[in-house]
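With the hints as extra help, turn the sequences into a complete structure.
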Amino acid sequence: MTNQRYKPENEAQLQELLAWASQNAMTFDLSGQGSRRGLGRPVKADAVLDMTAFSGIRSYEAAELVLTAGAATPLSEITAALHEKNQQLSFDPPDLGPFFGQEAGQGTLGGLIACNLAGPRRLSAGAARDHTLGVSAVSGRGDLFKAGGKVVKNVTGFDLPKLMAGSYGTLAAMTEITVKVLPAAEKSRTVLVMGLDDAQAVKAMSVALQSEHEVSSAAHLPLAAARASTVSYLSEAGGAVTAIRIEGPGPSVVHRCAALRDLLGSFGPTEELHAHNSRTLWQEVRDITPFAGTSTPVWRLLLPPSKAAGTVAAIARSLDVQPLYDRGGGLVWLEVRSGTDAGMAEVRAAVSAAGGQAALIRAPDELRSRVAVFHPQPEPLARLSARVKEAFDPKGVLNPGRLCAEF
Amino acid sequence: MRMPEPDAAVIGRRPSIVEALRAICPEPGAVITDEKELRVYECDALMAYRQLPMIVVLPSTTEQVSRILRYCHENEVKVVPRGSGTSLSGGALPLADAVTIGMGKFNRILEIDYDDRCVVAQPGVTNLGITKAVEHKGFYYAPDPSSQIACSIGGNVAENSGGVHCLKYGLTTNNLLGIEMVLMNGDIIRLGGRHQDSDGYDLLGVVTGSEGLLGIVTEVTVRILRKPATARALLMGFPSNEAGGDCVAAIIAAGIIPGGLEMMDRPAIKAAEDFVHAGYPLDVEALLICELDGPEVEVDHLIERVSEIARNSGATSIRISNSEEERQTFWAGRKAAFPAVGRISPDYLCMDGTIPRRRLPEVLTRMTELSNQYGLRVANVFHAGDGNLHPLILFDANVPGELEKAEAFGADILTLCVEVGGVLTGEHGVGVEKRDLMGSMFTEDDMKQQQRLKCAFDPQHLLNPGKVFPTLHRCAELGKLHVSGGNIPFPNLPRF
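Going line by line, the protein sequences match chains R and Y. Quick note on the working numbering: the first sequence kicks off at 1 and runs consecutively. Quick note on the working numbering: the second sequence kicks off at 408 and runs consecutively.
A few of these clues could be false.
Claimed, not checked - The calculated lysine-lysine pairs, modelled on DSS-like cross-linking and capped at a C-alpha distance of 30 Å, are:
(1) Y:K887 to R:K44
(2) Y:K575 to R:K395
(3) Y:K855 to Y:K887
(4) Y:K634 to R:K187
(5) Y:K887 to R:K7
(6) Y:K575 to R:K203
(7) Y:K634 to R:K203
(8) R:K395 to Y:K855
(9) R:K85 to Y:K855
(10) Y:K855 to R:K7
Unchecked claim - One-sided excerpt, in silico: chain Y residues whose CB lies under 10 Å from chain R:
(11) R409
(12) M410
(13) P411
(14) A415
(15) I431
(16) D523
(17) I595
(18) G612
(19) I659
(20) A661
(21) V704
(22) E705
(23) L709
(24) M845
(25) R859
Everything labelled a hint here was simulated from the structure, so no lab data went into it. Backbone N, C-alpha and C fix where the C-beta goes; we use that ideal spot for every residue, glycine too.
Here is the structure:
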């Protein structure tokens, strides 16, 4: 890590700095609060580009469902403003501080969007990318551009806001972001099914998701993960717990929970979590809390839900692993306690065979510097991605190596 | 509307291009050269613009699409992708020196997977075709553009199509899991899959809505949803557009996101009522249709709440559907609004801007002034929940100059949308129709950055040129960097 740090105060300074850098082979490590440094590959750059001047909510129109803020606005500030109007970022932004051994409550809007993070409600409400309506940014060329808009429905021009989401700051330094915001649900409850093995649990979640009861989130906590919960219904269950979240107007939630318990009763005994317990459980799933407090490697597997249990079982034949299932099986957090390079060969082989992707979400810097943290792309796609990088940052000024070794 | 100057040299090479395409697609009728048959492809649903394509080719495999594009890439021949030809913005308008690639033969559903809740389809399958394939199991595909009976799912990806339910259920981009596509150089790539989100750049997100400028989609995977248990609608009349707008804002402020929330102004109400006799009140300035869907207990609960909000917002009439038949009747007028306007005017232009909803009253007032100024009538239907406005400009193309007048009126409306903080197009796309207005919303630098992305996919600008961007800059030109030598600027920037 470098100790040189540049802090542009406005877009003009940022433009000038990046234009100069692109001409003079200088590289930058983009930084807001630095709370997500554990994600992606470690960046080796000449200097830190401190973006914290681009902070503050510029406009918030609750009835229009849009909020515009400086990219480095602390997420806590945005959450507080939304809370006042009973609204939320529906993609359930995770707080991965404790998971990475840091404080909770850190992070900026820009960092959240740049990493395209989302929590359990991703299943029904979309990811960060689905809620990113517009951006202003300065490219690695030093050009200021805006894209998208400040209204919820817009198809004018290429959807560059989506491209910025998940680009890990390798294309442009975002200065301002407009996000879609939505009303928070009036009531939220959780139906639990006790004692299922992974395969049965994925089936039960699939049954719930195919029902008309509008499931908002679906997770499965095998014994170890359930035991780590602070919700006594889980920690004292003595077995695995499958959780289905139901949200909406009060009478509807009560009705749907009852209907789901009927529907899932044939899988195993059911329970119901209300208010505080329900909220705590989903925070734990969102923040990968069962795997916090350690530094063992953790993978994020994106899978066709029906292949989740089989893929984990295949990996478990050669590695010592602990899974946590989210999105009905479409997402698996997999803690790996044995193997070479966090079991990369075994994990990637099994996940690729299932048509999914595996990213090494937590691992020591040394390992993340050496391997492909994100799922390797086939040749024509990798070439296209490199051309896209070049279209925004031809000299590789921004976050070199964060996404892949090639750029 | 000026299209790029046709390249006479390419037109001169037409026989050899035809021969090459026939070698790639030997099936009878796959390469169309006869003028009468080409005529079928001369326009899309933006019928004011017509151009005979140089050649039409109808491939039936991904491999053929790849070979066609590689050939065109190597021989510098422009191509125009085409689905069902229902674009309202001229996205599939042919060029005199280009090959139109029709994707109509890609018309099969490849797989239905209820466990993963997705459908894999070829791009020529219609939007409604996907719902039809899964509705016997109680599922559906959520985005429902009004052309859903005809428009193709590949076209939906190109245009990022919406529909009346997209406030609650999202546009195409929010319901798309993966695609297979062919790049201009013939490379076949897969983006996404059967899972949500992918590592690496979100190219799936940026290809969606790219209007055929980045590649040709050859396979689509969309998520399907369980059909809501029930749906009911409210029909609410208001004495002013302001009151109608206030009611919409109050519904959303109450935390309710309806399945559909549509508004019509007085001229649109009258045209629709005269046409389908849906029982719309004729003594109101604004009519709201609010549809609530979900479990019965939820719908009944929300119907009560919305009725109360409407009463508090000054609604002069409120009707609630008590049967599926009645709900359909409420919608009949709105769904027939375009043909209804077609009945009272020889021609009409359908515009498509989005505005921050709170600016609606002043936009409508300004539109009335413009209507008087141009001497052309206008009727408004409005996806009120998301601020997407569809003004219908009435004119007669047989009156010399009237089309041009209608287009100028339309351009003024869209510029007005941008002025009040909105955008040029909410769901119909830029195409050729709004191409020359892009500068009202984007700076030259904004558009240059979009074009640099285009260069990453299609460095010779062979895919669908003349659409979306008023000026295409050469990729070599766009790649040049600013010159800024000397010392690092702002040496006194704070360093730590």
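Against the structure, the hints:
1. Y:K887 to R:K44: Satisfied, since the Cα-Cα distance of roughly 26 Å is no more than 30 Å.
2. Y:K575 to R:K395: Judged against 30 Å, a Cα distance of about 42 Å means the pair is violated.
3. Y:K855 to Y:K887: holds, 11 Å
4. Y:K634 to R:K187: Since the Cα atoms of K634 of chain Y and K187 of chain R sit roughly 22 Å apart, the hinted pair holds (cutoff 30 Å).
5. Y:K887 to R:K7: Measuring from Cα to Cα gives roughly 26 Å; hence the hint holds.
6. Y:K575 to R:K203: holds, 27 Å
7. Y:K634 to R:K203: Distance ~20 Å between K634 of chain Y and K203 of chain R Cα, so the pair holds.
8. R:K395 to Y:K855: OK: K395 of chain R and K855 of chain Y at ~18 Å, within 30 Å.
9. R:K85 to Y:K855: Not OK: K85 of chain R and K855 of chain Y at ~38 Å, beyond 30 Å, violated.
10. Y:K855 to R:K7: Judged against 30 Å, a Cα distance of about 27 Å means the pair holds.
11. R409: violated, 20 Å
12. M410: Since chain R brings no Cβ nearer than about 19 Å to M410 of chain Y, farther than 10 Å, the hint is violated.
13. P411: violated, 19 Å
14. A415: It is violated, given that the least Cβ distance between A415 of chain Y and chain R is near 31 Å, above 10 Å.
15. I431: Violated: closest Cβ of chain R sits about 20 Å from I431 of chain Y, beyond 10 Å.
16. D523: holds, 5 Å
17. I595: holds, 7 Å
18. G612: For G612 of chain Y, the interface hint holds, since the closest Cβ of chain R sits about 3 Å away, which is under 10 Å.
19. I659: It holds, given that the least Cβ distance between I659 of chain Y and chain R is near 5 Å, below 10 Å.
20. A661: holds, 8 Å
21. V704: Since chain R brings a Cβ to about 4 Å from V704 of chain Y, closer than 10 Å, the hint holds.
22. E705: E705 of chain Y check passes; min Cβ-Cβ to chain R is 3 Å, inside 10 Å.
23. L709: holds, 6 Å
24. M845: holds, 7 Å
25. R859: holds, 4 Å
Of the numbered hints listed earlier, those contradicted by the structure are 2, 9, 11, 12, 13, 14, 15.
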